[in-house]
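Peer 1: The hints should help you fit chain A onto chain L, whose structure is shown.
Protein sequences appear in the order of chains L and A.
Read in the numbering used here, the first sequence has 49 at position 49, and its numbers run on one by one without any break.
Read in the numbering used here, the second sequence has 58 at position 58, and its numbers run on one by one without any break.
Zero decoy hints are in this set.
Each pair of labels, with its calculated beta carbon distance range:
hint: 1; chain 1: L; residue 1: 120; chain 2: A; residue 2: 23; range: 39 to 47 Å
hint: 2; chain 1: L; residue 1: 57; chain 2: A; residue 2: 141; range: 19 to 27 Å
hint: 3; chain 1: A; residue 1: 59; chain 2: L; residue 2: 57; range: 14 to 22 Å
hint: 4; chain 1: L; residue 1: 8; chain 2: A; residue 2: 104; range: 25 to 33 Å
hint: 5; chain 1: L; residue 1: 106; chain 2: A; residue 2: 24; range: 32 to 40 Å
Hints were generated in silico from the structure; no laboratory data involved.
Think of the CB as a built atom: it goes at the ideal place given N, C-alpha and C, for glycine as much as any other residue.
There are 2 protein chains.
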Amino acid sequence: MKSSTKAGWQLDAQIERDTVQVGDLTLCRVRAMNDATYPWVVLVPQRVGATEIIDLAEADRVQLMAEISAGATALKDITRCDKLNIGAIGNLVPQLHVHIVARRRGDPAWPKPVWGAAPAQPYAQHTLAAFVESVRQTLGIV
Amino acid sequence: MKSSTKAGWQLDAQIERDTVQVGDLTLCRVRAMNDATYPWVVLVPQRVGATEIIDLAEADRVQLMAEISAGATALKDITRCDKLNIGAIGNLVPQLHVHIVARRRGDPAWPKPVWGAAPAQPYAQHTLAAFVESVRQTLGIV
Numbered sequence: 001m002k003s004s005t006k007a008g009w010q011l012d013a014q015i016e017r018d019t020v021q022v023g024d025l026t027l028c029r030v031r032a033m034n035d036a037t038y039p040w041v042v043l044v045p046q047r048v049g050a051t052e053i054i055d056l057a058e059a060d061r062v063q064l065m066a067e068i069s070a071g072a073t074a075l076k077d078i079t080r081c082d083k084l085n086i087g088a089i090g091n092l093v094p095q096l097h098v099h100i101v102a103r104r105r106g107d108p109a110w111p112k113p114v115w116g117a118a119p120a121q122p123y124a125q126h127t128l129a130a131f132v133e134s135v136r137q138t139l140g141i142v
Numbered sequence: 001m002k003s004s005t006k007a008g009w010q011l012d013a014q015i016e017r018d019t020v021q022v023g024d025l026t027l028c029r030v031r032a033m034n035d036a037t038y039p040w041v042v043l044v045p046q047r048v049g050a051t052e053i054i055d056l057a058e059a060d061r062v063q064l065m066a067e068i069s070a071g072a073t074a075l076k077d078i079t080r081c082d083k084l085n086i087g088a089i090g091n092l093v094p095q096l097h098v099h100i101v102a103r104r105r106g107d108p109a110w111p112k113p114v115w116g117a118a119p120a121q122p123y124a125q126h127t128l129a130a131f132v133e134s135v136r137q138t139l140g141i142v
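Extracted from the complex, chain L is given alone in its bound form (with noise of 0.2 Å):
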């Protein structure tokens, strides 16, 4: 199944829940992870119905990992972090989404994958803006 186009396009009710709003970038909604325990974005395509990277239009995909690039690049300057783990999961929530994770030597998952770790430990409500805000700024959202 070939996605559609923005129009009609709603973020999902459980990505909505786990995570606050950054901006929009051409392609994706980018949400942060209110998880302290690690730098984590979230790229969310604004395609509706897609649930599959191959569900994207070849341009679209080509986008797409351009902004994964963008959201990498900025969690590594921001971060210093010591490895990116990047992953299209979607076996529990469906609508399409790519999780950006900056992750450290001896942080509390490593070095497994953070995706069925521990529950997430919401920020403090300043330090999470102060990230929001520093992840908006490296992408140069308005």
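Peer 2: Same frame as chain L, but now just chain A:
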């Protein structure tokens, strides 16, 4: 760090042990994970020194997305899986590699990711050969 060209590139020894050869695409070496639990391929961009997607030049990133899409489409066509899981993690093996895993509701790790789950269950030899051949044919690797 931007990665270098194919000259001098060598497959990481751990990836070599865990997988078997399928063939080469324009950018990536395609390997099949020797784990009968999940149909699973690994794409390894043949670029010296790349550990992150953002280490690749932009043209290589576009090519990587095309090859991820080809690999994902092949696995979906072969397995009729319920979900594809795609990830670039590399916490244990630094050489950049992208996992594409065909998942079924109710498979042993479902709905968790397969990374860090139970140890691989090696295929019977002829079953592995048949899986590799089906991936090779679907990808048009001669």
